[in-house]
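Guided by the hints, dock chain B onto chain A, whose structure is given.
Single-letter residue listing:
2 protein chains.
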Amino acid sequence: MQKSDILIIGGGPAAIVAANTARDYYPKKSVTVIKKSEKSLVPCGIPYIFGPLLQSPKDDFIPCGERAKKMGINLIIDEIVKIDFDNKIAFGKEGEEYSYEKLILATGSIPNKPKNIENYDAKGVFYVPKEADYIEKMYEKIKKLQTIAVIGTGFIGVEIAGELAKSGKKIHLIGPRLLKNAFDEEFSEQMESIMLSENITFHKNRHAKKIVLNEENKASKVLLENEEEVECEAVIMATGYRPNTKMAIDSGISKRQFDTIYVDEYMRTTKKDVFAIGDCAEKRHFITRRTIPIMLASTATAEARVAVANLYNINMVKSFSGTIGIFSTVVGDTCFASAGITEENAKCEKIPVVSSTIISDDKHPSKLPNNHKQTVKLIALKSSLQIIGAQVIGGIDTGEMINILGVIIEKRMNVFDLLNLQVATHPLLTSAPTAYPIVQAAQNIAKLRIGKE
Amino acid sequence: MQKSDILIIGGGPAAIVAANTARDYYPKKSVTVIKKSEKSLVPCGIPYIFGPLLQSPKDDFIPCGERAKKMGINLIIDEIVKIDFDNKIAFGKEGEEYSYEKLILATGSIPNKPKNIENYDAKGVFYVPKEADYIEKMYEKIKKLQTIAVIGTGFIGVEIAGELAKSGKKIHLIGPRLLKNAFDEEFSEQMESIMLSENITFHKNRHAKKIVLNEENKASKVLLENEEEVECEAVIMATGYRPNTKMAIDSGISKRQFDTIYVDEYMRTTKKDVFAIGDCAEKRHFITRRTIPIMLASTATAEARVAVANLYNINMVKSFSGTIGIFSTVVGDTCFASAGITEENAKCEKIPVVSSTIISDDKHPSKLPNNHKQTVKLIALKSSLQIIGAQVIGGIDTGEMINILGVIIEKRMNVFDLLNLQVATHPLLTSAPTAYPIVQAAQNIAKLRIGKE
Chain A
7 MQKSDILIIG GGPAAIVAAN TARDYYPKKS VTVIKKSEKS LVPCGIPYIF
57 GPLLQSPKDD FIPCGERAKK MGINLIIDEI VKIDFDNKIA FGKEGEEYSY
107 EKLILATGSI PNKPKNIENY DAKGVFYVPK EADYIEKMYE KIKKLQTIAV
157 IGTGFIGVEI AGELAKSGKK IHLIGPRLLK NAFDEEFSEQ MESIMLSENI
207 TFHKNRHAKK IVLNEENKAS KVLLENEEEV ECEAVIMATG YRPNTKMAID
257 SGISKRQFDT IYVDEYMRTT KKDVFAIGDC AEKRHFITRR TIPIMLASTA
307 TAEARVAVAN LYNINMVKSF SGTIGIFSTV VGDTCFASAG ITEENAKCEK
357 IPVVSSTIIS DDKHPSKLPN NHKQTVKLIA LKSSLQIIGA QVIGGIDTGE
407 MINILGVIIE KRMNVFDLLN LQVATHPLLT SAPTAYPIVQ AAQNIAKLRI
457 GKE
Chain B
7 MQKSDILIIG GGPAAIVAAN TARDYYPKKS VTVIKKSEKS LVPCGIPYIF
57 GPLLQSPKDD FIPCGERAKK MGINLIIDEI VKIDFDNKIA FGKEGEEYSY
107 EKLILATGSI PNKPKNIENY DAKGVFYVPK EADYIEKMYE KIKKLQTIAV
157 IGTGFIGVEI AGELAKSGKK IHLIGPRLLK NAFDEEFSEQ MESIMLSENI
207 TFHKNRHAKK IVLNEENKAS KVLLENEEEV ECEAVIMATG YRPNTKMAID
257 SGISKRQFDT IYVDEYMRTT KKDVFAIGDC AEKRHFITRR TIPIMLASTA
307 TAEARVAVAN LYNINMVKSF SGTIGIFSTV VGDTCFASAG ITEENAKCEK
357 IPVVSSTIIS DDKHPSKLPN NHKQTVKLIA LKSSLQIIGA QVIGGIDTGE
407 MINILGVIIE KRMNVFDLLN LQVATHPLLT SAPTAYPIVQ AAQNIAKLRI
457 GKE
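Chains A and B are the protein sequences, given in the same order.
Per this note's numbering, residue 7 is the first one in the first sequence, and the count goes up by one each step.
Per this note's numbering, residue 7 is the first one in the second sequence, and the count goes up by one each step.
Any given hint might turn out to be false.
Stated by the list, open to error - Away from chain A, derived, C-beta distances all over 10 angstroms, residues of chain B:
1) D30
2) L59
3) K99
4) K150
5) L219
6) K224
7) R274
8) T294
Claimed, not checked - 25 angstroms max Cα-Cα, derived PhoX-like pairs, lysine-lysine:
9) B:K64 with A:K373
10) A:K64 with B:K373
11) B:K453 with A:K417
12) A:K373 with B:K75
13) A:K373 with B:K45
In case anyone wonders, no lab produced these hints; they're calculated from the structure.
Each residue gets a CB set at the ideal place from its N, CA and C atoms; glycine is no exception.
Bound conformation, chain A alone:
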């Protein structure tokens, strides 16, 4: 029996932050992390392994062992197969027993396998698990190929397709409009117009029906629902993720929709002294209040900090009243980012909204070199003008601009608050103070309600 005060199961961002935070807050407690593999990688860095930016999968590895040692964290490589919540013991694959005072489940998520596609798990069909060993082998195989079909147009599908194309490969991308859940149609269309110049054939709104195998039983074609066949040497399935919760649920923990683990506002599960954080824990949408399958490392790490603060006493209330869904990505040299709900999704959820889109520059005067157009769309509740969604297209600073909008949504600011916004502007760094696009878009909405004298 190995005893720990604080036991964390998992190896992703939630587990890493939970362990570091536990060290910060509870220096007298022993902290143990149990993860399946020696190696760890930056999950959202995986697509870039397949492109020209990183030289090999190793460039995406996290030196977990060294860091754990430095931090005084006990790192154990094992797979937990069962937990006895009553006696507070987790069981390893080889029968090892780990007892705990406080347990944090951070088991993450695993690729979703689309069983409606025939031969979905055949030879030559790859998934994108956040597992270094799998990704290393996949990388070696994909590297030698020329034509690859990518099924799925979420972030992982779009980014892997883009990176493979930049490495000179011929890509068939199959799925609905790009990043449909994070962006409105006009944003997807701009993304598509940039991507199409990049060695990619986009089979838009097509669905894969079957992976056709060759005489070696290896994927050689994708058969679409319209009977079209797409030839390829391999298929990458970027068809989403599901919570990795089978072990915890089989051990008796309460679950919620999408097989997530039930958690309260302090990240406590229904079992005594057991917390769950990250992709395996339930998420609710900030505005629709529904359970949603959004999986984000940044949400996971915020949850880790809430859970650890509340391990022994309630020290901190989760101040976000739901997950806002905040994303950014890069297509070509243009950045796309989104926070909150899209106009399309708001309409589906019967949320009356008003919106405004402003196109500005990210430098001023616009004659400065490297000026990049900057598009900001704001979506506000029609009733109170509270901001509930935003989308941005622009240069490299789009990655932080969306985080301004994230705080605005989280703090339930409205259009009039934005008219008041005090922002730093600088010729080389932002749009002009007279044209700051977040404020301009707010004013476009405000003018529906002011004046007309």
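Frame of chain A; chain B shown alone:
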């Protein structure tokens, strides 16, 4: 007599936004702008006229005439010399009379001339007014010179010195540590270590006593207080600005400290139907509550929007309870930004604070090309842990990252709110979710208050 419904005096960012917003909100009202010169320039773009980024002063011009015409704004070139507030008439230089229903004073600021420096206004001594005609002439003269002394180490001094140096000129920069009011000492020192590699001799903590003239009565040396002499062909005085309010005060408007015009939370002056916005209007510090001489285009434009919304009815409360002072600039290829109060200034004001500084990367994994180190310092009230100041050093996205911190300060968020922050992270655009520096710095402060079990 020329009649207008809404009359705006001034030509800077506050006046531009006031005019555009008036058009947006009150389409039936006539809007007139009276400014001194046909030409307008982007004020914060002025330093870049003197460097390699812009080709000539014209690249920094704003096509005010065209834009006004397009927006249906009546643009008049004249100088208002007196206002009869009782009869609601403004008088032009040649005796022209302009009547108004509502008047907005946006007369801006003018260079502060340091009368304690002998020969402060001699030939070969230049100031940096926001006047296109002056800057054009100054540019033609400076262009031909090789050695220039810049007095003053605020934003304009540092930026002009940097740009002239990049154009191959030899610069003597004279003043206290760089950007003393916006940054703590360790940030100034980093800035200095970058600037010194750039053709600049920094006479740190030296004060100019006299401009020494040659036989043609032209500036040829700066005599410092320690009797050292700095040879130069011209002197640029970057010695701050003062409100351009003499005309309004002489006409009878109530003034406040630093000769600013008194305004309330709706930007109303003491005179009926008269509003003041921008550099000429009083500013109060968000935390010290003192009147402060901060002059920022972004604050000016926010005030313009508040004033115009409230011209005929109270439609909008100024939601910022004071000016937070939010700045960004670029030195070499490194960006520096600041919001709120510095640790040093907090101590001077007897505000007990705690602070934490985190150094992270702006990409992840850090092996990605163009990764830039990112330093974030947070300053919080020791009592409530409310964030009251922040400083950032980093790459190009520093310009928007400081605006996240601006919203955080404005919305009075505390360290625990930041631990909860939902941010978008992306390998090519931000630090890792596990290492996001704003959150890490917050945790460093939070750990003073949590745990120790």
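For each hint, the structure was consulted:
Distance to chain A contradicts D30 of chain B as a non-interface residue, since its nearest Cβ pair spans about 5 angstroms, not more than 10 angstroms. For L59 of chain B, the condition that its CB be more than 10 angstroms from all CB atoms of chain A is violated, with the nearest at approximately 6 angstroms. The Cβ of K99 of chain B sits about 27 angstroms from the closest Cβ of chain A, beyond the 10 angstroms cut-off, so the non-interface label holds. Here K150 of chain B stays apart from chain A, with its beta-carbon at least about 23 angstroms from theirs, past the 10 angstroms limit.
Its beta-carbon lying about 34 angstroms from the closest one in chain A, L219 of chain B satisfies the requirement of being farther than 10 angstroms from that chain. Every C-beta of chain A lies more than 10 angstroms from that of K224 of chain B, the closest at about 31 angstroms, which supports listing it as non-interface. Under the 10 angstroms C-beta cut-off, the non-interface status given to R274 of chain B relative to chain A holds; the minimum distance is some 16 angstroms. The claim that T294 of chain B is not at the interface with chain A holds, since no C-beta of that chain comes within 10 angstroms of its own (minimum 16 angstroms).
The suggested pairing of K64 of chain B with K373 of chain A holds, with an alpha-carbon distance near 10 angstroms, which does not exceed 25 angstroms. In summary, the hint linking K64 of chain A to K373 of chain B is supported, as the alpha carbons are separated by about 10 angstroms, within the 25 angstroms threshold. This hinted pair checks out: K453 of chain B and K417 of chain A have alpha carbons roughly 24 angstroms apart, not beyond 25 angstroms. Distance restraint check for K373 of chain A and K75 of chain B: the Cα-Cα separation of roughly 22 angstroms lies within the 25 angstroms cut-off, and the hinted pair is therefore satisfied.
Between K373 of chain A and K45 of chain B the CA atoms are separated by roughly 17 angstroms; this keeps the pair inside 25 angstroms, and the hint holds.
Hints 1, 2 from the list above are not met by this structure, while the remaining hints are.
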